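Protein chains in written order, with this note's numbering: chain A, 1 to 392; chain B, 1 to 392; chain C, 1 to 392; chain D, 1 to 392.
If you're looking for bench data, these hints aren't it; they were derived computationally from the structure.
There's no promise every hint is true.
Copies of the same chain look alike in the list, so a pair counts if it fits in one copy or across any two.
[Claimed, not checked] Derived DMTMM-like pairs: lysine to aspartate or glutamate, alpha-carbon spacing no greater than 25 Å straight-line: (1) 295 with 271; (2) 135 with 383; (3) 295 with 222; (4) 295 with 285; (5) 185 with 165; (6) 81 with 165; (7) 295 with 314; (8) 354 with 70; (9) 295 with 162; (10) 81 with 184; (11) 191 with 133.
Being a predicted model, the structure only gives us computed values, none of them experimental.
4 protein chains.
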Amino acid sequence: MLNGERQIPRPLRWAMIGGGRLSQVGYKHRSGALRDNTAYQMVASAFDIDAERGRDFGVNLGIAPERCYDNYRQLLAEEAKREDGVEVVSIATPNGTHYEITRAALNAGIHVICEKPLFFTSAEAQQIKALAEKKGLIVGVTYGFSGHPLLMQMRAMIAKGDIGEVRMVELQYTHGFNANDSADKFSDAQKWRVDPQVAGPTFVLGDISTHTFYISQLVLPELQIESLLCDRQSFIPSRAPLEDNAMVLMHYAGGAVGRMWASSINAGAMDSQCIRVIGSLASLEWSDANPGELKYQVQGQPNQVMHHGMPYLDASALADERLGALHTEGLAESWANIYLKFAIAISASQRGDKARLSNLIYPDINAGLEGVRWLENCVRSADSGSTWVNYQ
Amino acid sequence: MLNGERQIPRPLRWAMIGGGRLSQVGYKHRSGALRDNTAYQMVASAFDIDAERGRDFGVNLGIAPERCYDNYRQLLAEEAKREDGVEVVSIATPNGTHYEITRAALNAGIHVICEKPLFFTSAEAQQIKALAEKKGLIVGVTYGFSGHPLLMQMRAMIAKGDIGEVRMVELQYTHGFNANDSADKFSDAQKWRVDPQVAGPTFVLGDISTHTFYISQLVLPELQIESLLCDRQSFIPSRAPLEDNAMVLMHYAGGAVGRMWASSINAGAMDSQCIRVIGSLASLEWSDANPGELKYQVQGQPNQVMHHGMPYLDASALADERLGALHTEGLAESWANIYLKFAIAISASQRGDKARLSNLIYPDINAGLEGVRWLENCVRSADSGSTWVNYQ
Amino acid sequence: MLNGERQIPRPLRWAMIGGGRLSQVGYKHRSGALRDNTAYQMVASAFDIDAERGRDFGVNLGIAPERCYDNYRQLLAEEAKREDGVEVVSIATPNGTHYEITRAALNAGIHVICEKPLFFTSAEAQQIKALAEKKGLIVGVTYGFSGHPLLMQMRAMIAKGDIGEVRMVELQYTHGFNANDSADKFSDAQKWRVDPQVAGPTFVLGDISTHTFYISQLVLPELQIESLLCDRQSFIPSRAPLEDNAMVLMHYAGGAVGRMWASSINAGAMDSQCIRVIGSLASLEWSDANPGELKYQVQGQPNQVMHHGMPYLDASALADERLGALHTEGLAESWANIYLKFAIAISASQRGDKARLSNLIYPDINAGLEGVRWLENCVRSADSGSTWVNYQ
Amino acid sequence: MLNGERQIPRPLRWAMIGGGRLSQVGYKHRSGALRDNTAYQMVASAFDIDAERGRDFGVNLGIAPERCYDNYRQLLAEEAKREDGVEVVSIATPNGTHYEITRAALNAGIHVICEKPLFFTSAEAQQIKALAEKKGLIVGVTYGFSGHPLLMQMRAMIAKGDIGEVRMVELQYTHGFNANDSADKFSDAQKWRVDPQVAGPTFVLGDISTHTFYISQLVLPELQIESLLCDRQSFIPSRAPLEDNAMVLMHYAGGAVGRMWASSINAGAMDSQCIRVIGSLASLEWSDANPGELKYQVQGQPNQVMHHGMPYLDASALADERLGALHTEGLAESWANIYLKFAIAISASQRGDKARLSNLIYPDINAGLEGVRWLENCVRSADSGSTWVNYQ
């Protein structure tokens, strides 16, 4: 169980780019990174496109005024001059800027933690992967709910054969907060998400379903998509060509199949993302609306519900537990867990501890690359008349 | 509210063909028809392919021994000789016999209530429809859960515009009872379902998802499928070409989309069928696992749950209520409701009351035809590489 | 599994007293008795205090006009004259008439099925018990939901020691339909329930919580109350001295404790009755809002949910199953089950089959007597300042 | 919405007493206090009765070694010598030490945040209250889940009359983790809780149900208990006289009634605490197992569920929101909220801002005192034969 004690020799010097006062996700980054003050210290920032607002915000959070920068270029340039300059930056800016900021940070010798979807193209992701490897730097991707301990439980049980042979993977990330277009018009946080220049080639597929797609890879590391069909819609026509609803079918190597439903027009839905993995003997199901429960349904036996923090769980799940059984955990604990793993990876990288790196499970550059690759295949299918495409 | 009082001048003389001692569904037919003894009297039977067992069973249920027939041919022939012969038969035999028995009964001047899927082809359904019209006889189809009062509520609310413009229809009928093949081998009730000669061109699509498909038509009478894609699997290889899992995508006229998931390999799932209709303002969701509750989720407002039997419901929903609020209803009440509507239709037909017939909502020959047509399109798509096909 | 086949040599000749057109519970009696037409035939009635309305109703249900009587006295007198006279009557009249009608019926040599609470006093119940024994007649009590198969499962598991030593019994039957007094004023079905002359010494304790109390006795046949404390309220003052809310504490022999909460002012509650039995190893919980599920919670293990109709259940639970797994059962199946057991008891009694009687578990005269006794103790406690009283 | 920006001029210098490496609750204190680094800085500690282990732990958390003290006396003495000495301490030691540490800290001019139950007697609480007032210092009590935004929603709706006149308050905090005595024997965290010398006059009443009792006072600030009855049990006999199960009945001024059930022998229960407030028009219900949902059930209308973070909530609820709708919050956010309010209170106290203090709603010394008072009345009742006692 985690109790905040240091897992690495000293906290990393950390900065945020984007994620300022008006950003909801920015607070999740900070809550995740600063949960215990033993993994990160927030020493610099370029929080906002409105530099003054960003500086004021940074100061309010306790950053030294001179390290509250106007923009990421200034941040990288000035911090490079300091002996105690930042070691890692988190990027919580609109999608269209991820690539250039990541590249610049890596070129400045700084580790990167970046929002999803990582980039617009898998070619970009491949370049960044090569660059990071060359530089010996870590790139982490904030698939925010993927740090929940019960997902490690799911992974462990599937690996042990508890559900038999995998047959179907049912994925969903839907809500209804864009059922109408008012946020498109009035919310700065939403406007750019439906602008292909800034958001990239997808809206809901990239914005939300990449989370669930990564979770499917986390719990099913062996599964490979062979072909895929994506059918997407723009129920608010002004969003076209970007989709506010998408239905994906997948064929995996070995005969298993899958579905994904991504939507922000699922009016009134308050249960977000869900993954169900169906095996020949049993199914496992987890939803982030009730993240402390894992359904384990063995055909022909009473249905079971496993609870976080309980001694019967796998060691890998208990290792990431923070509050203990009966004490409801939420999204913040998951962010704290993935940020802690980023820090462990970065520290191992700094120390050249390849063994530690090799068995650390977290959303790394490959996870980011796979997310972009999946989106590319989805778009390719959708744009060719929602037909089956070989997964490339 | 229904309390068993007669809705038609006198109970109809009714017989069952199939659905004998070993049949689970046979009891649902009897429970539905005989709920109040004011709609039907069970006067004859041909319960079983094992004539002796069928006769013994019929006598045990109170049928006169001489009217417990060896098979449907004998039943039709002998009953035709009686002044008090049967007026309506229910057919609960394997799919492959529906067509010939229905045709024979109609030709004998007898109304028919038949299990789903109605026939193997829509051409057969068209022929039977023409025959029934010519004879002035009713053909009802036992989509068993479609009689639940909250489905009338759903229909009424959608018609009133309570959810806005319909955007997506999410359909599911899945369970895990055929996750392995033991029933295929050892259960008479299951064996024929995976034999194309007897079951027809589908297994789970016809066996279970036609129920949910009809419910979608019941609550959304205006919706028309324009094209459809079906991807089906035989996870137990011996079932091929029949599927034990199928994923269907649908495009409706006007831009709405839909999904159906039919499966009998959803290991451990105990929640059967579900329908969610998503509109531009709100969603409605109903599941037969908790049939007395209807979720009404208006975007931006607290989620609502409506309960059966409550005065705030639409008159059409309250008209079909039997037990009253707080008193849990199940599948049996739904069967009783559709059987009652069959009786009302038959009686109206006998009396030539076309007005009564014209505004009676129940699963009639058209509902049966539409189910077969949907299956045909699914199979055509699946067999052409799971591609989109225009709905024919 | 039950499929409607006869369990007794021939259906019993049955009549209803009360429970006519305006009665909600009357339909439950008829649905229960006539489920399969192999246990009862409804041959006579005295449905209504408005004799004309009662006759019209009876005729509409198919009873011969001459056997639709004006009142119970006439019914008993006239039926006594017939060779094919009624063998058993069901009493669904207001509480205050149960005693006299039951006594009259027994004196006429007729078996009785009666609504709860059986009588006003346990002295009356003792007299009736003696009379029934003397006459060799059955008295059954319609604790309507007590026939659900999963209650037999609960009983079997507790008996087998699956939950360890019983420590606490948590009981609840609450709703909010009398949160205000409009029904008291305008509903004939409600008016008498708050009139002590007709309802007896309690309102909600007798009207609803006797159901749950009986269920506690059904699943825990060994448990004996030693002392009890009842605190009751009349939130609608005009109901005083009758309570619309009551909280009961119980001490059982051996150290276990219990609680009961009965209420009709639990505004907005739609989940009716619940029983949770806590043992030293595990708990079992069942609610009539979701009657097909039984929660089995072993401390330190994943929580389990058992479903009706599944092969892993105890034989005693499967014996009472009607629809099968996945097919939602409700209150009507439970009524059918207890009515069937009444019929089996009556038939055994007629045939002098004491062995059959001795191992038949159903709500008999003793169950009715215990309910009245419990109410007496509750009232005695409440009237003495809500103090502990020794159970008498 | 809270995003971590400073609410007070600068973070408070804070130390922990108790709550070290083996303590589960210690991590909750730290997570709460240090959520944003704008309310508290952890500068000193006396974490552990094993001083060496405590020092090692403190260093691992980033505290300067010289400020990792052996015990609270040393901490208070040494910090008093520093210009930058601690301003506030949190006490997470066993109950029996709360009083002396609190008194010593206040006498040293230091604000106090203390675990519940605050002290053994209300006399002690009154003394501390007087001392704190004399010194102008804050005493906060860590009723950990009381900071959830939906409790403010509940309070606001009740105040606005949304549920009508309050009739019943149903309270529960139960689990099954002490169904057997293994933890009593082997867990240091549990041993002292069943030792009256250390735990005080109660086990589960003080250990868990004081949380729920405070929540009832938070949402119903006007409600006054007039009399109370407590029946408590020691199902593990070695725990006597301390209870592992207790049932409390309450009579409030004005006629409302209440129940509390506290238990650590509720085998298999994983849903912890629940509060339901029943009014003449509607009920509100909240459970910490699903803290982001508030049930609002208006009699005669569809049941409603309100979700955290939604614009339809009261401003007081939205003010305490951290993650936003759809993003699951848990116990940690609640701790962060109450710790933030403690900081605001302390800062206001330091600045002499009485206006800010007067309208700040948080668990203060009065809340702690009321908890102890409630326990005293419960024990007095239980020890007098579980009889009604006037609330003193």
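Comparing the hints with the structure gives:
1. Taking identical chains as interchangeable, the C-alpha atoms of residue 295 and residue 271 lie at most 25 Å apart whether they share a chain (15 Å) or sit on different chains (13 Å).
2. Taking the shortest Cα distances, residue 135 and residue 383 never come within 25 Å of each other, neither inside one copy (37 Å) nor across copies (51 Å).
3. Taking the closest pair of Cα atoms, residue 295 and residue 222 come within 25 Å of each other only inside a single copy of the chain (22 Å); across copies the shortest separation is 35 Å, beyond that limit.
4. For the identical chains of this complex, residue 295 and residue 285 are neighbours both inside a copy (5 Å) and across copies (18 Å), given an alpha-carbon limit of 25 Å.
5. In this assembly of identical chains, the alpha carbons of residue 185 and residue 165 lie at most 25 Å apart only when taken from different copies (21 Å versus 47 Å within one copy).
6. Taking the shortest alpha-carbon separations for residue 81 and residue 165, neither the intra-copy value of 55 Å nor the inter-copy value of 59 Å comes in at or below 25 Å.
7. Taking the shortest alpha-carbon separations for residue 295 and residue 314, both the intra-copy value of 15 Å and the inter-copy value of 24 Å come in at or below 25 Å.
8. For the homomeric pair residue 354 and residue 70, neither the shortest alpha-carbon distance inside one copy (36 Å) nor that between copies (39 Å) is at most 25 Å.
9. Taking CA atoms no more than 25 Å apart as the test, residue 295 paired with residue 162 passes in both settings, with 13 Å inside one copy and 22 Å between copies.
10. In this assembly of identical chains, the alpha carbons of residue 81 and residue 184 never lie at most 25 Å apart, being 41 Å within a copy and 58 Å across copies at closest.
11. With identical chains, the CA atoms of residue 191 and residue 133 are never at most 25 Å apart, being 35 Å at best within one copy and 52 Å at best between copies.
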